[in-house]
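Please model the complete structure; the sequences and the hints are all you need to start from.
Protein sequences appear in the order of chains A and B.
The opening residue of the first sequence carries number 2 in this note's numbering; numbering runs sequentially from there.
The opening residue of the second sequence carries number 22 in this note's numbering; numbering runs sequentially from there.
I should point out that these hints are in silico values taken from the structure, not numbers from a laboratory.
Where a beta carbon is used, it is the ideal one built from N, C-alpha and C, also for glycine.
Worth double-checking, as some hints may not be accurate.
[Said to hold, decoys possible] Each pair of labels, with its calculated beta carbon distance range:
#1 A/L371 to B/E143: 48 to 58 Å
#2 B/E143 to A/N366: 26 to 36 Å
#3 A/K368 to B/K35: 14 to 24 Å
#4 A/G306 to B/D235: 51 to 61 Å
#5 B/H321 to A/K368: 35 to 45 Å
#6 B/D290 to A/L371: 24 to 34 Å
[What the hints assert, rightly or not] Reference excerpt, derived from the structure (chain B facing chain A, CB under 8 Å, subset only):
#7 A42
#8 S293
#9 P294
#10 A295
#11 G298
#12 S327
#13 I330
#14 E331
#15 I335
[Claimed, not checked] Restricting the straight-line Cα-Cα distance to at most 27 Å, the calculated cross-link-like pairs of lysine-lysine (DSSO-like) are:
#16 B/K236 to A/K335
#17 A/K330 to B/K318
#18 B/K132 to B/K83
#19 A/K113 to A/K132
#20 A/K338 to B/K236
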Amino acid sequence: MKNNLGNTFLRVIFLFLSFSMLQAEDFTHTFNVDKQDPYVKEAVILTLDLNQTNRDVVMLFNFNINKSEDYTFQRLDIQETDSYHNAKVHYVYIIYPLRSGDINITFNLLKKITTDESIAYSFSGDRDNVKTLVTTDTQINLPPLSLQVNPLPEETALVGDFSLTHSIKKHQAKAYEPLPLQVSIKGRGYPPLLDSLLPKDGNFTRFTEKPIVKSITTPKGTQSTVTYPMALSHSQSFTLSPIVLKAFDPQREKSYTLEVPSQHFDIQEVAAHSLVDRVDSPDILKEDWSWLSTLLGYIVVFAAGYLTALSWKWKKKQSQKASHPLIQKIQSCKDEKALLQVLIAADSRHFTSSIEKLEASLYGNGKINLNKVKQEAEEQI
Amino acid sequence: MNEQINTLKNELGKAVIGQEAMIEGLLIGLLCDGHILVEGVPGLAKTTTINALSRAIGLDSKRIQFTPDLLPSDIIGAQIYNPKDHSFSIKKGPLFTNLLLADEINRAPAKVQSALLEVMQERQVTIAEETFKLDSPFLVMATQNPIEQEGVYALPEAQLDRFMMKIVVQHNSEEEELDIMRKAASKSFGEVQAVLSIEDLHALQAEICKIHVDKELERYMVQIISATRDPARFGLEDIAENIMFGASPRASIDLYKAAKAKAFLRGNDFVSPADIGYVIHNVLRHRIVLSYEARAKGIHTDEIISSIIETLPIP
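What follows is the structure, given as structure tokens:
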């Protein structure tokens, strides 16, 4: 900023907006603004001095600027005296009008009257027994502060005295590899916060982050550094159009341009399959059938256990049956006659069928399979 | 002929469910003029079977419940004095029938048992000085209750020998008992009709006489009986000590007849070793007297018989 606020202050017409003797018997108030016809987003410094005139009471003040869409503001300073009967308060605000034309800045002032006893009493409390300060409050109607705000030149993006720097780490990359780009705007004026910095033309991919803002506001204005970290990527070479920001310096009442020149990036094409991250890439989304294998596992385990139990039972039954003396006798029979002898020696009625077959074989013309008859007889046991 | 047997069995099946062993034993006894000793718990349709058999053949049947105070005259009859004309008349006892059910024969004292068993053998009754021939057929089916041993008079072995077969009656199967229960509850047992006459029965008995028995089988049967008397001679040293007395010659006769009857019931005109096997236990079961050692070991005569059959080679 080439002209500081101090010099300007001297040149600015002193404006005494209002000096009223409202509540003359109690206090006086004095408004001061450094300019009445600022440009849009040009800083306006407002000071207010409140001086108690009635020394018989204890007087407290509560002052605020009402919020509005026409302007934005920030309190920069407040100074108060410690004397209860001689209150003096000095407020300093910075206001940025947001639109052109006549705007009214409205205020809210509350005067609080109390006594020494009430203050002493309120101080007698402690953390667990807070005692309210009893006050008599009076709402003071202050007239609004009118500003005649001048419009900005067309397409002005920044208001203030700014400089622009940019950094591009590389202009060559592989396909889809990000190309970092950083733009910083630094200077004094309305904070240079922009929704979009990159030009809209170009079919490359844009990566943007929330800008990094560092700012400090003083009665001289707001000193800001806003950094826009970005990145670009494309599958083929491309050219970034120049970034042009039109700015206006209200101190000098002059427009100027901040610019990032056109940039060309060379992109080396690579095979798409080589770009797949085989280490950290997530698995391809697919239907999860692992439950089926788990279920099958359980079924197999259950079936194995069940069949094992069955086989054990069957084996036990078989061994018991095999150990039956009659079965051993039947198995040891070598011919039909021996088998017939064993069967009729046992309970013949149970082996009627087998005996008849053996009879037919021995004394008739029938032919039999001895093992089959043995098996049939064993099943009857 | 076999059709007549099947018809008879079917008719008996109207009143008796299951109990094929008892029915077959009765038929063999009836066809061979033998007597049957039945061992089984009460309620196994012994009386029902006798009654059904008598009705099916048109025979007379009676039942005697043997008790400890029973007298011989109670079963054979007595000479009764008639004061009106000062004369004695004969009052015949229940023995004068074709089929007699001697229920719980071991409850009667020895003299009553002897009177009955004598009649069974001689088939005649002497009352006072008069002798009466019993009608043919005459079959006694005596029962023994294996459960109760108190107050019973065990039949002497010599008298048991007069029974052709001893049949052990088992309980019915569950399915048979279910059928019995339903029919008894609904009183739906069939009415047994006479399907055979006494003449038919005699004709059947004549048929049995014609059943051929091979000489080897005859010898086989004799060897079996001999083996009960002298097991060691047949290589049965291990059972020798278990037998006190073997079967009598009456056993050989009954085995011979029973085997022929069994072959006839099976529809054969010759006896096979299997026919002998079917009846051998029933014929010998009550005729082998076990030694004290065998009784102490809990050996049953059926096991002795099975050992003999297994050892002696069949023809």
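Hint check results:
At roughly 50 Å, the beta-carbon separation of A/L371 and B/E143 lies within the given 48 to 58 Å, and the hint holds. Roughly 47 Å separates the CB atoms of B/E143 and A/N366, a value that falls outside the hinted 26 to 36 Å. Hint check: A/K368 to B/K35, Cβ distance near 40 Å, so the stated range 14 to 24 Å is violated. For the pair A/G306 and B/D235, the supplied restraint of 51 to 61 Å holds, since their beta-carbon distance comes to about 60 Å.
The hinted window of 35 to 45 Å between B/H321 and A/K368 holds, with their beta carbons roughly 37 Å apart. Our hint of 24 to 34 Å for B/D290 and A/L371 holds, since their Cβ atoms are close to 27 Å apart. Proximity of B/A42 to chain A holds as hinted, the smallest CB-CB distance being about 7 Å (cut-off 8 Å). Taking 8 Å as the C-beta contact cut-off toward chain A, the hint placing B/S293 at the interface holds, the least distance being around 5 Å.
Using the Cβ-Cβ criterion of 8 Å, the hint placing B/P294 at the interface with chain A is satisfied: the shortest such distance is roughly 6 Å. The beta carbon of B/A295 is positioned within 8 Å of a beta carbon in chain A (closest approach about 5 Å), and the interface hint is therefore held. Interface hint at B/G298: satisfied, since its Cβ lies 2 Å from the closest Cβ of chain A, which is below the 8 Å cut-off. Contact between B/S327 and chain A, as hinted, is supported at the beta carbon level, the nearest pair being about 4 Å apart and thus within 8 Å.
Annotation: interface hint on B/I330 holds; nearest CB of chain A at approximately 4 Å, less than 8 Å. Taking 8 Å as the C-beta contact cut-off toward chain A, the hint placing B/E331 at the interface holds, the least distance being around 4 Å. A cut of 8 Å between beta carbons decides the hint on B/I335: the least distance to chain A is about 5 Å, and the hint holds. About 26 Å separates the Cα atoms of B/K236 and A/K335, which keeps this hinted pair within 27 Å; it holds.
Proximity of A/K330 to B/K318 is assessed by CA-CA distance (about 23 Å); at most 27 Å being required, the pair is judged to hold. The hinted pair formed by B/K132 and B/K83 meets the criterion: a straight-line CA distance of about 20 Å does not exceed 27 Å. Among the hinted pairs, A/K113 with A/K132 is consistent with the structure: their alpha-carbon atoms are about 17 Å apart, no more than 27 Å. Between the alpha carbons of A/K338 and B/K236 the distance comes to roughly 18 Å, so the proposed pair stays at or under 27 Å and holds.
The earlier numbered hints that this structure contradicts are 2, 3.
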